[in-house]
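Chains as they are written, first to last, in the working numbering: chain V, 1 to 354; chain R, 1001 to 1184.
Since the hints were made in silico from the structure, they are not lab data. From a predicted model like this one, the values you see are computed outputs, not experimental measurements. Cβ coordinates follow ideal geometry from the N, Cα and C atoms, glycine included. Just so you know, not all the hints are guaranteed correct.
Here chain V is said to cover these stretches of chain R; the calculated rule only asks that three of the stretch's residues, wherever they fall, bring their Cβ under 8 Å from a Cβ of chain V [said to hold, decoys possible]:
hint	stretch
1	1020-1033
2	1042-1052
A partial selection of chain R residues facing chain V, derived with a Cβ cut-off under 10 Å [stated by the list, open to error]:
hint	residue
3	H1037
4	M1038
5	F1039
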Amino acid sequence: MITMDLLAINFSLGLEKLLLIGAIITFSLIVAMYTTYAERKVAAWMQDRRGPNRAGPFGLLQPAADGLKLFFKEEIIPLTSNKTLFVLGPALAMITAMLTSAVIPWGSSIELFGRNISLQIADVNIGILYVFGVVSMGVYGIMIGGWSSNNKFSLIAAVRGASQIISYELAMGLSLIALLMMTGSLSLKTIVQQQMEGGWNIIYQPLGFLIFLICVFAECNRTPFDLPEAENELNFGYHQEYSSMKLGLYLFAEYVNMFISSAVVSTLFFGGYDIPFVDETALSLSLGANTVALLGFAALFAKILFFLFLFIWVRWTIPRFRYDQLMDLGWKKLIPLALANMLITAVVILWLNK
Amino acid sequence: MASLTNRAKVLEQKPMSFMERLYLPAIFKGMAITFSHMFKKKATINYPEEKRPFSPVFRGLHVLNRDEEGRENCTACGLCAVACPAEAITMEAAERKTSEEHLYREEKYAAKYEINMLRCIFCGLCEEACPKDAIYMSETFAPSNFTRKGFIYAKDELLIPNPVTDKEKYEIAKGLREAQLKNK
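One chain only, chain V, in its complex shape:
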């Protein structure tokens, strides 16, 4: 009976998930679009300028104008490039950026048409491992783009990007092991539910959070770790030979990555869709489960917006690392720190359980 149940195709569930996937992808694309706007606006404010204010009220149509411009540009594929890989590069960058959103719990669950719809595409019990797997795949977008361009600068950028992401992934993984020892679960939903009851993980793992945040900056290729695209030394690095919407996809993938990483950081350390200082179960009795789920989503979104602002804020404050400093920080500072954090957490857990 159980096998039959597993094999039977549940069409309404499929439709529900498909709609959810569509909604989340559209949502992340729109947020990424307006992150580009926010980036330019915040950069301008921090430099005492005004920022884009010509297209539409307050320049709100600027991202649309930018996108339209990219679509109208001539598509150039260099003669000496590997054409298949050249097209695959930006597609891969975008796909990997999107894939992570599948395991993030965007809210608790809502009741619609008599169905209980969970606001998470897939509650995989190895959610964090999945995130790590997909994030490591993100390096292929850079590698393939840089390699297939058949250009020295792009190749240097690709090698830089690959070594950077691999180095920082180690520290990232190690910093999360301490967190996982506390939660005892790899499922992101379970981690959020634990935080709703026992307080946010940032309280217990401040050092782990700091290491994780630095690694997230490095994984997203954001300043101060933007060595793979370094405008002034590598001429935009791995996307130098790209034009038109292929370039757009690369640039856009960076912003989608930022959005998704912000969501992961808020989920792991800042309680995900937990509304701070509010008891959700008591609230859902008075307001109804659907309202509370939407409020929870709003809380998550507010946290994500804060981290997006942090990304932009840091970018317009700190200059870029030199390459040896980058490697020094990754291997000699962050990894030992993460190991020490792991050890201390383990000792404390053993102490408390005794």
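Following the hints, complete the assembly by docking chain R onto the known chain V.
Coordinates of chain R only, in the frame set by chain V:
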């Protein structure tokens, strides 16, 4: 070695303290500075809608003046061309005929008068050299153009509108400076 001046300073090169080597405090300080700048007065303005006033001595595009009867002041003496350090001014003189007395103030006039705005450095020496108050510099600057030829301004572009036939435009061309001077 004795120092050449008494202002020489010995450079301190102490190794960085632990707090400095952490970098994070310095980064937070920097972030506080950038954050505070978000609320400061903007250095830029919304240009086409808002314009900064020029100083009263601003030297802009040249204008060839007329007297109150609408006659051209210029007598093509060539002093402005001689004074011009950039050699931007060329002119050709002609003699006034008896039927042209309402057009030119004196017997000699400039049949051709050209200023190359790409050569001009807007120093204002032509304005100073002119004995007839025929050339002065206005408050506007040369608009952009697609060709170099478009920057060579001939008499039709330089002459001020006729105060007798086109009083309104003449007043505009005279500009704010005159009005401000009158108010003072």
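Less than 10 Å between beta-carbons is the criterion; does F1039/R satisfy it with respect to chain V? 8 Å, holds
Closer than 8 Å, Cβ to Cβ, for at least three residues: run that test on the stretch 1020-1033 of chain R against chain V and report holds or violated. It holds: at least three residues are needed, and the stretch 1020-1033 of chain R offers 4 whose Cβ sits within less than 8 Å of chain V.
Quick check: do three or more residues in the stretch 1042-1052 of chain R have a beta carbon closer than 8 Å to a beta carbon of chain V? Since three or more residues must qualify, the claim that chain V covers the stretch 1042-1052 of chain R holds, with 4 doing so at under 8 Å.
Go through the hint on M1038/R and say holds or violated, using the shortest Cβ distance to chain V against 10 Å. 4 Å, holds
Is the hint on H1037/R kept, meaning its closest Cβ partner in chain V is under 10 Å away? Constraint on H1037/R satisfied, holds at 5 Å.
Violated hints: none; the structure is consistent with every hint.
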